[in-house]
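Trainee: Chain residues, written in single-letter form:
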Amino acid sequence: MVYQTDSPVLENIRLGEDCYRLILKAPKIVDNSWAGNFVHIQVNPFFYPLLRRAFSIHEVDRKKGNLEVVFKVIGAGTEHLSGKKKGDTVNLLGPLGNIFSYPDNEDISIMIAGGLGIVPVYFLTRDLLRKKHRGKIYFLYGAKEKEQLYCLSDVKKLPKLKVETLYSTDDGSHGFKGYLDMLLKQVLEKEDKSRVKIYACGPEGLLAKLSHLAKEENLFCQLSLEVGMPCGMGTCMGCVVKYKRDCSSPLTFKRVCCEGPVFKAQEVILD
Amino acid sequence: MMVRATRHKNIDLAIEIAGVKFENPVMVASGTFGYGKEYADLVDINQIGAVISKTLTVVPRDGHPPLRTFETPSGMLNAIGLHNIGVDNFINEKMKFLRTKKTKVIANIAGSTIEEYVQVTEKLNQVEGLHMLEINISSPNVKRGCMEFGSRADLTYECVKAVKEVSRYPLMPKLSPNVTDIVEIALACQEAGADCISLINTLVGMAIDWKKKKPVLSNITGGLSGPAIKPVALAMVWKVYQKIKVPLIGVGGIMNTQDAVEFFMAGASAIQVGTVNYVDPQASVKIVEGLKKYCSENKISSIKELIGIAHK
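Just so you know, the sequences run in chain order B and S.
Everything in the first sequence is counted per my numbering, starting at 1 for the first residue and increasing by one.
Everything in the second sequence is counted per my numbering, starting at 1001 for the first residue and increasing by one.
Errors might be hidden in some of the hints.
[What the hints assert, rightly or not] In silico SDA-like cross-links for lysine to any residue, where the CA-CA straight-line distance does not exceed 20 Å:
| no. | chain 1 | residue 1 | chain 2 | residue 2 |
| --- | --- | --- | --- | --- |
| 1 | B | Lys190 | B | Thr165 |
| 2 | S | Lys1212 | B | Glu204 |
| 3 | S | Lys1037 | B | Asn98 |
[What the hints assert, rightly or not] The following label-pair restraints were derived from C-beta to C-beta distances:
| no. | chain 1 | residue 1 | chain 2 | residue 2 | range |
| --- | --- | --- | --- | --- | --- |
| 4 | B | Leu129 | S | Asp1209 | 37 to 45 Å |
| 5 | B | Lys146 | S | Gln1258 | 50 to 58 Å |
| 6 | S | Met1002 | B | Gly83 | 23 to 31 Å |
[Unchecked claim] Derived, one-sided and incomplete: chain S residues facing chain B with beta-carbon distance under 7 Å:
| no. | residue |
| --- | --- |
| 7 | Glu1038 |
| 8 | Ala1040 |
| 9 | Asp1041 |
| 10 | Leu1042 |
| 11 | Pro1066 |
| 12 | Thr1069 |
| 13 | Glu1071 |
| 14 | Asn1078 |
| 15 | Ile1080 |
Derived from the structure by calculation, the hints contain no laboratory data.
Note that the coordinates shown come from a computational prediction; the quantities given were computed from them, not determined experimentally.
Even for Gly, the Cβ is constructed at its ideal location relative to N, Cα and C.
Work out the full structure: start from the sequences and follow the hints.
Mentor: Encoded structure:
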């Protein structure tokens, strides 16, 4: 079930330069949201900017009916959203899109969070903890530099006994110096690959590398994709990704908004 | 909250076009409302005058590679390339839901050749619960068919005439604004037997990514829609209304009741809402409610009183 609601803004917290955490009250959407789902936010009721903006859900408070999104100001839509204050309302559509396939207790989960791609995999991690998931969880969080690990405080709060957190930065200012795929390879070397489930979101370059790696090593790997989407409901056909089920299948296109945003890494073709 | 229908005594929004009785004159434009069911959670579809399907072709089409859409000031560009499930899948999978609704159903059709338009029509002739065909002779995003026909009066005539000869439904060709004289094309439609005419489709436009130094859309150009094109659409409805006898259905950048009323005043007998469905799926039913309120406040008993009133 999809809902359209006018949701009160509870908080809009600046997390760093141009990055914000927006907390909204949306009980019906929260009740039906799982990791991977997104909400489509109308940033201005006067149609400028015109289209809604899609944001993966970062965290929910199921008791209070609150949800969080985290965004960086990259254009007019997010600029507008950054100005929202407690007491304002925004119109939401959600929950939209598909979800990650949650791991079993026997699986070894590896979350790959590249920059703001942390959002859906953080929700998955938190949801697994809420469900008292017993399987091993790695949380690999990376960015260009320490200042861009905007959700570091969230990750630091993950219980150390249940989640092993590892960091990477391109410049080495926090954790491993290098890229997340390099860090992932280190983790894979010490784990049984047949039990590993990788969940990733981040810049397209990172996801393209993971897609190749998943194909080469035959890994279970799900990617959450981020693209601009006019409708979010599967009607405009505007947000497609190149898709090939396997090497013998024809190239086709899948709508990220309703056939994704979560795809098997082997099946999408990223440039 | 889903917008509910209200009762306004003595307000008649019903309109008959080409023998089809629409409960109200608000339609959802092709390509902006899927096949109706996608929005069933959010919109009371019974309150919409007509649902117009995504363009249907003889066989399913994959459309263009990404990127296909891009937002521009007060508008958006799209170059989808007629990505659709094909007419057979529409008949077998989508009509079942639409038949359960009070709303009238209009199938939008296209082909690369006139024969393909005829083939789609012949397949749709077998369906129950369909009320009209909208002929896409105006999409700017495919190499063959569509605007190729709609930008020349002789080819428009040939295409509409060929469909008219086989169709059991009234026809509504959808015109392109990317022409020298839209009146000439509208006249060709009328002569070929069109029962009504919808106008306008999108305007050809493009965007360039100044960082990548390349066009944004894979198709290079796309069709511009949204509030940016409303004045263009309104002027074209105005011009065509002066020369054409068949009813006009106004479309292009309609966002709210005021926009809709302006189109009636320019000469439209009904209107379509398109891009706004992406922003507010309930826009069409809000406009239906808004029209009732407008008529009530202005002592207008029938929406027909407004058609072309600005010409008087």
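Trainee: Take the hints in turn and mark each one as holding or not.
Mentor: Verification of the hints:
no., hint, in the structure
1, Lys190/B / Thr165/B, "15 Å, holds"
2, Lys1212/S / Glu204/B, "15 Å, holds"
3, Lys1037/S / Asn98/B, "18 Å, holds"
4, Leu129/B / Asp1209/S: 37 to 45 Å, "41 Å, holds"
5, Lys146/B / Gln1258/S: 50 to 58 Å, "51 Å, holds"
6, Met1002/S / Gly83/B: 23 to 31 Å, "29 Å, holds"
7, Glu1038, "5 Å, holds"
8, Ala1040, "9 Å, violated"
9, Asp1041, "4 Å, holds"
10, Leu1042, "5 Å, holds"
11, Pro1066, "5 Å, holds"
12, Thr1069, "3 Å, holds"
13, Glu1071, "5 Å, holds"
14, Asn1078, "6 Å, holds"
15, Ile1080, "5 Å, holds"
Checked against the numbered hints given earlier, the structure breaks only hint 8 and satisfies all the rest.
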